[in-house]
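K.L.:
These protein sequences, in sequence, are chains Z and V.
According to this note's numbering, the first sequence is numbered sequentially starting from 1.
According to this note's numbering, the second sequence is numbered sequentially starting from 1.
Take these hints with a grain of salt, some might be off.
Capping the alpha-carbon separation at 20 Å, the derived lysine to aspartate or glutamate pairs in DMTMM-like fashion look like this [unchecked claim]:
(1) V/K97 - Z/D90
(2) V/K441 - Z/D90
(3) V/K441 - Z/E65
I should point out that these hints are in silico values taken from the structure, not numbers from a laboratory.
What you are looking at is a predicted structure, and each value in this text was computed from that prediction instead of being measured.
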Amino acid sequence: MAVPVTAPQGSLTAAPAGSPPQRRAARRAGGRIWLVFVLPFAVPFVAFYLAPIGYAITQSLLRTERSGGIFGRPRTVFTGLDQYAAVFSDPAFLSGVGRMLLFGVVQVPIMLAIALALALVLDSAVARLKKVFRIVFFLPYAIPGVVAALMWAFLYSPQLSPIVNVLDAVGPRPDFLGSEAILWSIANVVTWTYTGYNMLIIFAALQAIPQELSEAARSDGAGGIRTAWSIKIPIVRPALVLTGVFSIIGTLQLFTEPVVLRLISTNITSGYTPNLLAFSIASGNNYPLAAATSVVLAMGTFVLSFGFFRLAQKRGWS
Amino acid sequence: MTQLWRRRTLAALAVAPLVALAACGGASTEPADGAAPGSADCAPTGGPVNLSFTSWVPGVEEAVTLWNQQNPDIQVKVNDVPAGNAGTYSNLFNQLKAGTAPDLSQVEYDSLSSFRLQNGLVDIAACEGVTDAQAKFVDWTWSQVQLGDDGVYAVPQDTGPMALYYRKDLFDAAGIAPPTTWDEYYQAAKTLAAADPAVKITHFPQQDANWFTGLLWQNQANLFDISGDQLSVTVDSPESRQVAEYWQKMIDEQLVATNLQGFSPDLYAAWNSGTVATWVSAAWGYSTIRDNAPDTSGKWAVAPMPQWTAGAKNAGNWGGSTTAVFAGTEHPAEAAKFALWLNTDPASLEILNKEGGLYPASSDAQSLPALSTGVEYYGGEQIFDVFKAASGEVDTDFTWGPTMTDTYRFLSDGFTAALNGQGTLTDALTAAQTQSVDSLKAQGITVGG
Numbered sequence: 001m002a003v004p005v006t007a008p009q010g011s012l013t014a015a016p017a018g019s020p021p022q023r024r025a026a027r028r029a030g031g032r033i034w035l036v037f038v039l040p041f042a043v044p045f046v047a048f049y050l051a052p053i054g055y056a057i058t059q060s061l062l063r064t065e066r067s068g069g070i071f072g073r074p075r076t077v078f079t080g081l082d083q084y085a086a087v088f089s090d091p092a093f094l095s096g097v098g099r100m101l102l103f104g105v106v107q108v109p110i111m112l113a114i115a116l117a118l119a120l121v122l123d124s125a126v127a128r129l130k131k132v133f134r135i136v137f138f139l140p141y142a143i144p145g146v147v148a149a150l151m152w153a154f155l156y157s158p159q160l161s162p163i164v165n166v167l168d169a170v171g172p173r174p175d176f177l178g179s180e181a182i183l184w185s186i187a188n189v190v191t192w193t194y195t196g197y198n199m200l201i202i203f204a205a206l207q208a209i210p211q212e213l214s215e216a217a218r219s220d221g222a223g224g225i226r227t228a229w230s231i232k233i234p235i236v237r238p239a240l241v242l243t244g245v246f247s248i249i250g251t252l253q254l255f256t257e258p259v260v261l262r263l264i265s266t267n268i269t270s271g272y273t274p275n276l277l278a279f280s281i282a283s284g285n286n287y288p289l290a291a292a293t294s295v296v297l298a299m300g301t302f303v304l305s306f307g308f309f310r311l312a313q314k315r316g317w318s
Numbered sequence: 001m002t003q004l005w006r007r008r009t010l011a012a013l014a015v016a017p018l019v020a021l022a023a024c025g026g027a028s029t030e031p032a033d034g035a036a037p038g039s040a041d042c043a044p045t046g047g048p049v050n051l052s053f054t055s056w057v058p059g060v061e062e063a064v065t066l067w068n069q070q071n072p073d074i075q076v077k078v079n080d081v082p083a084g085n086a087g088t089y090s091n092l093f094n095q096l097k098a099g100t101a102p103d104l105s106q107v108e109y110d111s112l113s114s115f116r117l118q119n120g121l122v123d124i125a126a127c128e129g130v131t132d133a134q135a136k137f138v139d140w141t142w143s144q145v146q147l148g149d150d151g152v153y154a155v156p157q158d159t160g161p162m163a164l165y166y167r168k169d170l171f172d173a174a175g176i177a178p179p180t181t182w183d184e185y186y187q188a189a190k191t192l193a194a195a196d197p198a199v200k201i202t203h204f205p206q207q208d209a210n211w212f213t214g215l216l217w218q219n220q221a222n223l224f225d226i227s228g229d230q231l232s233v234t235v236d237s238p239e240s241r242q243v244a245e246y247w248q249k250m251i252d253e254q255l256v257a258t259n260l261q262g263f264s265p266d267l268y269a270a271w272n273s274g275t276v277a278t279w280v281s282a283a284w285g286y287s288t289i290r291d292n293a294p295d296t297s298g299k300w301a302v303a304p305m306p307q308w309t310a311g312a313k314n315a316g317n318w319g320g321s322t323t324a325v326f327a328g329t330e331h332p333a334e335a336a337k338f339a340l341w342l343n344t345d346p347a348s349l350e351i352l353n354k355e356g357g358l359y360p361a362s363s364d365a366q367s368l369p370a371l372s373t374g375v376e377y378y379g380g381e382q383i384f385d386v387f388k389a390a391s392g393e394v395d396t397d398f399t400w401g402p403t404m405t406d407t408y409r410f411l412s413d414g415f416t417a418a419l420n421g422q423g424t425l426t427d428a429l430t431a432a433q434t435q436s437v438d439s440l441k442a443q444g445i446t447v448g449g
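Modelling step: build the complete structure from the supplied sequences, incorporating the hints.
P.N.:
Below is the structure:
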């Protein structure tokens with residue numbers, strides 16, 4: 001974004017050409033010209049980001065009271081942190097968070113390890129058809145999440161899936177949608193979708209490594225694997241940290257895959273993930289509790305991703 | 001892909017982008033502090049009137065076109081939307097808060113109370129022709145739209161009286177007659193499983209809590225009780241426990257399929273392959289089987305719902321809609337007039353039945369030609385005779401709570417545990433009871449006894 005913001009400004013103020021009135025006009029406009037560049041960002045940022053967050057926080061401090069019978073007149077009253085107490089005492093919320101932590105601890109490292117391995121292979125001298133593979137690996141990310149989930153739902157289906165039928169023929173019949181397996185079936189969809197995306201970030205970082213470093217390593221007698229381990233991976237650590245943060249955020253916000261898979265699985269409850277829980281509560285018109293759940297989820301996401309980032313900085317990973 | 005599966009899929013598609021909204025409380029509108037009182041009088045505004053009408057009945061446009069031709073002064077525009085619980089109700093609630101709601105909308109019986117609670121409904125009792133129309137509808141549908149007092153909050157549209165769809169060929173092969181009691185149904189399940197262990201008598205749909213409430217309805221297990229200003233929650237009652245314990249036994253003895261979601265491609269595959277032998281379902285379910293199990297054409301039949309006591313005649317009801325006039329309309333009289341016409345006019349009812357597959361709430365319309373002839377898929381049997389009888393056997397006292405979305409959700413969550421062997425259906429009732437009380441409190445409702 002830096003390029004389009006600075007370039008036209010520079011051409012307006014620094015251009016020596018043009019007649020004097022034009023230049024004066026440009027200078028006058030220059031006083032406020034920054035507004036033109038800031039507003040397209042600032043207005044949507046305030047309207048669609050800050051305002052909703054502020055509104056959600058406000059909502060989360062309220063509760064509904066009703067006077068005049070069951071269908072009487074409702075009014076909202078300030079209730080302090082009661083809704084937050086309700087969130088933390090909701091077993092569905094706690095089990096949803098626990099489930100996502102388990103999910104993240106297992107899925108994120110596996111996904112990033114695969115992404116790193118793919119990026120290193122693409123970056124290595126021996127790889128052929130690099131451009132083709134780069135696109136092929138990235139392709140799942142280009143498929144909308146709902147479509148990907150629907151496709152996998154078909155592949156998991158106990159009655160229709162070709163995979164289930166093949167596995168059934170060679171061994172015990174797999175149950176991808178069972179209560180134990182379903183979490184990892186979701187993890188598989190997420191891994192399939194986002195590995196290529198993370199790979200691309202890591203790959204871009206690998207591309208930025210100066211040729212001389214690799215050459216120096218080679219002339220010191222380091223092989224491909226040794227170069228990757230001792231030179232490339234340490235250099236792309238910041239990219240790994242970045243993809244790690246993205247993945248943690250993505251995990252806590254998991255929503256699409258469970259929503260789609262519950263069309264065919266009997267094992268996804270309304271609070272399977274915290275995000276799904278907030279949505280379910282809002283569907284029942286309990287906006288204050290839904291808002292509190294969302295705020296807690298957002299804070300949790302912030303603390304975890306920022307905490308991971310700080311840890312990485314302290315350890316000198318980034 | 002049936003309509004329901006498609007609708008649910010569409011719902012998932014529609015819901016996914018909402019994640020951002022949900023994350024900020026889903027709240028983009030002001031809370032409605034001003035209650036919308038029922039209109040005491042209901043005078044026509046006169047002059048040309050334009051009304052908007054939200055509905056998801058397939059082919060409803062045709063009926064509305066007919067109305068528009070006959071009523072140049074009251075022009076109705078239809079918004080075709082996904083089914084209520086597939087996101088439309090959430091939209092409508094938000095539109096009501098924002099003051100942009102349509103004049104009329106399709107609302108299912110179980111959601112009327114919720115809309116009334118959110119000040120969404122107009123009491124149209126005073127509008128011309130409304131109270132007189134009572135005689136035209138099946139008794140219980142009228143008590144459903146009265147919501148426990150003297151008002152009339154919607155006009156009944158269609159119903160879902162329940163019966164037993166069963167694979168006649170499988171029952172014949174096993175030498176069993178269609179079960180008349182739930183005990184016989186249990187014995188039939190065992191006999192079928194003994195003949196072929198792959199065959200389950202039915203599936204237990206985890207998401208279809210409203211299917212389960214249809215079973216509760218049959219057993220007079222009233223979920224809520226509203227009398228005056230007193231609301232009590234009776235989700236966990238001796239009657240509901242009887243139903244829960246029965247189905248728990250079916251789950252425990254592995255007589256029902258626990259891994260098939262309702263309206264899923266997997267269920268349809270199981271129907272086609274004959275591994276699921278019955279479906280206790282509503283009148284509208286006839287097309288669900290017909291359209292999704294084409295391989296078994298001529299093999300299904302319909303019998304009355306099994307009874308808890310031999311010789312009793314009680315039916316449950318699953319689904320069915322009303323046409324409700326929404327708060328905020330400037331033309332309640334015209335809106336009520338249209339709602340009455342849509343659901344009582346013979347031409348309209350014929351269109352709704354033919355195009356939308358609706359089983360009418362109007363008593364006369366239950367004798368429509370299409371509902372009094374044999375249905376080819378069901379071996380030419382007049383299956384609607386069974387549903388017509390069932391419609392007359394539905395308990396009139398069954399009451400929905402004003403937070404049914406939550407109650408259904410709690411039940412479904414409990415079903416998951418029961419289907420996994422991590423709990424029982426009775427546990428699901430107990431939990432849904434407590435959680436429903438909390439939901440009502442969150443809406444500022446005092447729950448009594």
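K.L.:
It remains to establish, for every hint, whether it holds in the given structure.
P.N.:
For each hint, the structure was consulted:
no., hint, verdict
1, V/K97 - Z/D90, "violated, 28 Å"
2, V/K441 - Z/D90, "holds, 15 Å"
3, V/K441 - Z/E65, "holds, 9 Å"
Consistency with the previously given hints fails for number 1 only.
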